[in-house]
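Listed below, chain by chain, are the residues.
2 protein chains.
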Amino acid sequence: MTFSFDVAARAGRARAGQLTTPHGVVATPAFMAVGTAATVKALDPDDLREMGAQMILANAYHLHLRPGDEAIGELGGLHRFMAWDGPILTDSGGFQVFSLESLRTVDEMGVEFRSHIDGSKHQFTPESVMRIERNLGADVIMQFDHVIPGQSDETAARDASERTVRWLARCAAELARLRADDGDRQSQALFPIIQGGIHAQLRREAAVAVRSTGDWEGYGIGGLSVGESKSDMYRILEVVDDALPHDRPRYLMGVGFPDDLVEGVRRGVDLFDCVAPTRMGRNGAVFTRDGRLNIKRAEFRLDPRPLDDECDCAACTRFSRAYIRHLFLADEILGLRLLSLHNVHFLVSLTARARHAIVSGDFDAWSRDWLARYHTRLPVPSA
Amino acid sequence: MTFSFDVAARAGRARAGQLTTPHGVVATPAFMAVGTAATVKALDPDDLREMGAQMILANAYHLHLRPGDEAIGELGGLHRFMAWDGPILTDSGGFQVFSLESLRTVDEMGVEFRSHIDGSKHQFTPESVMRIERNLGADVIMQFDHVIPGQSDETAARDASERTVRWLARCAAELARLRADDGDRQSQALFPIIQGGIHAQLRREAAVAVRSTGDWEGYGIGGLSVGESKSDMYRILEVVDDALPHDRPRYLMGVGFPDDLVEGVRRGVDLFDCVAPTRMGRNGAVFTRDGRLNIKRAEFRLDPRPLDDECDCAACTRFSRAYIRHLFLADEILGLRLLSLHNVHFLVSLTARARHAIVSGDFDAWSRDWLARYHTRLPVPSA
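Chains as they are written, first to last, in my numbering: chain A, 45 to 427; chain B, 45 to 427.
Incorrect hints may have been included.
The list makes no distinction among identical chains, and a pair is therefore deemed to hold if it is satisfied within one copy or across any two copies.
To be verified - In silico EDC-like pairs for lysine to aspartate or glutamate, Cα to Cα no more than 20 Å straight-line:
#, residue 1, residue 2
1, Lys340, Asp413
2, Lys274, Glu343
3, Lys274, Asp303
4, Lys165, Glu114
5, Lys274, Asp286
Read the hints as simulated data drawn from the structure, not as lab findings.
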C-alpha cells in the first residue's frame, strides 16, 4: 500500500494518526502550509522542514494558469520544481474558480472562467482538472467540486453537493484512464470532497453518496469557513465526523485560525490548510498563545521580547519584537518572512502539540485550557 | 590589540590579508553585503553565514532616521538588534546626505538635510555622526565625509577633500570624548576616507594629510563609482595604493560589480561593499561567470539548469532557472531572496577565490582569465 492511514490514539472524536504517502509519512493532526504558486509565500522549503512542516499544499488553478501544469510536468513535477521532497496535496481549483464571481459560468460539464491574471478564457471540467493534477504529480489530489457560499439555501446547496458527487465519478474515471495511459508511473490518492453547506441532512447524504462510490483513501470537507458562523461550522464538523469512516483521514479545507484547528481536532479533523498564517503575517499580524497582536503598533518600539515567549521558531529565538517592527515599518522583506515563518510554525506546532495530548491521554483538558488562554487577551505591558 | 591587519601574501598590488575586529576575523579581500536598514535586503543572517559572508555593512543615515540609533543602542546595539554576531561596518551617512540634492545645505559645521522618509529636518556634523555610530556599535565606523559627484572639477574636489580631512580631526576628537564618557565600553576603529575625485594630485594630498593626523587602522576610498569612467576609477585606485600604507586595509566604498571587485583587488583593495547584488537581484538580474542574465526572459521558461552551473549557493543547488523565473513572474518573495542570495554569494565567493589565487601564487593569470571569461558573453542556448 502506497497510501495508508493508521489511528494510533483517540480522545473523544479527536485522533492521532499516521498518513503514509509516496513522499513520506504525516503524523496527524497536521497543518499544511499553503504554497499557492508552488511556494509558501515568503518562505523557503528549508524553513518549512526546520519548523517540522510535513505536508504542504499547492493550487491547481494558479499553477495551471502560471507557469502551466504541463511546464511543471516537463520539469519533473511539482516536488522537483519547488524542491519539496515531502508529501504535497493539490487543491482542484474548485474553490478558486467559484470565487471568481462575475468571471464564470457553470453547467454540468464544468466551469468556464476568465483568468485573474490576464482575463483569458479557460474551462475546468472534472476531466481537465485530473489532467492538471496528474501533471503536477502531488501525492494527494482533490476532486473538482462545486463550491457555494456558506449561507446558501438548501436548494442551492443540494444542487452543488449532488453535482460534486457526480463530478467525483468523472474524476475517478479520468484518473483511471490517465494511470492506464502513463503506465501508472506515480501513485496519487484522489480525495472526494463532502459538500452540503450548513445543512446537516445534505452533509449526511453527501457522505453516504460518496461512500457508496468507493473506499477512498481520505475525505475532504469543503464549503466551510466560507462565510457561515463558527458555531455552524463546528456543528457540521460533528455531523460529518459521524458520517465518514473513522479509519480514513479527513481534511478540513481552507481552515484555519489557531482556535479553528483546536476546535477541528476536537471534532475529528486530521488535516488543515489555510493562507491565514502567511497572509496575515505579511500584514504584520502575529499568532501568540494569548491571541493575536499587530507588530506595527508603537508599543513594540523598544520591546526586546520575542513575538511569543514560549515559541522556539527561527524568528523568536533570534529577533525582538522591536526589530521585527522596524523591518515592517521599513518595508523590509525579512519582516514578511519572519512573521510568515512564525505564524506557520505556530500552527504546525499547535497540531503537533494536539497530537501529543491525544497520545498522552490529556487532550480534553489541554484543548480546553488552550482555548481559554487563547481567548483571554492579556493586557499588553507598556514598552 | 583589538584591531589588527596582517598581510599573508601579495601578488603585485593585490594582497591576501586578515583583519581582526572585536567580533571576529575577516579574511581579505572580502565583499561586505549591505544591510542598509539593519537587514541585508531579502536575506536572513543565517543565509549570510552559510554563504561565508564575514562582515556586513549598515548605514548610519538610515538607522538614525529609522528606528533611531538611540533605540538600537537601548536594545543592545546593532549586532544584537539584527542578530549578526560577526564584524559590522557602518557608513557615516556622508554619501546619503550628499545624494539628497535639493534637500540639503552644506557648511563647515556639517550638513542640514531633510529626511527622505518624512521630510523632517536634520543636521549631520562630524560630532553627531560619531554619536550615532557609537550608539550603533559597529566594529568599524567611517568618518563623516564630504562626497561630491564623480566628474567634479578640481576646485570643488579640493574643497570637499580638504573639508573631509578637517572633519576627520573632529570625528576623532568626538570619538575620544565618547569613549572617555562611556568608559571605553566597546572598541571601534575609525576609518578616514580619502577623497579627491578623479584628480590624482588631490588624492595624493588627501592621503598625505590623513596620514599626518595618525596611524589609522584602515582607510576608506570614497568618491568612486559615482559617475566617473571605469578607467578613471582604476587609475585613481593605483594612485591611492601608492599613497596609502601597505600594512593597513583599504576599503573601496560602494563598489561594486563582479569585474570591479577583480579590478579592485588587482589594485590593492581589501574590502568592498555594494547594493548591486541585492538591488539587481530584486530586479531579476543574475551574476554568472559568463556575465549577467535576466531571469525573466522567456528563454528560461523550461530551463532546468541552475542560475550558474559552477555555483554552490543555496539557490543553485536546489532550484532551476525555470522555477526562479516563475517566482519572478508570479511576484513571489522567494524569488527576490534567491537572486539576492545568489548574487551576494557570487561576490563573497569571488573575493574568496581571489584570495586563494593570491595565496597560491597564480593571481595574475587567474584574474586575467576570470575577466576575459566574464566579458565574453556566451551565446545563450535555446530552451
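Hints and how they fare:
1. Lys340 / Asp413: Neither. Shortest intra-copy (29 Å) and inter-copy (51 Å) distances fail the 20 Å Cα cut-off.
2. Lys274 / Glu343: neither (31 Å within a copy, 49 Å between copies)
3. Lys274 / Asp303: within (10 Å within a copy, 60 Å between copies)
4. Lys165 / Glu114: Classified as within: same-chain Cα gap 18 Å, cross-chain 56 Å, threshold 20 Å.
5. Lys274 / Asp286: Classified as within; 19 Å inside a copy, 75 Å across copies.
Comparing the model with each earlier hint shows violations of hints 1 and 2; every other hint is respected.
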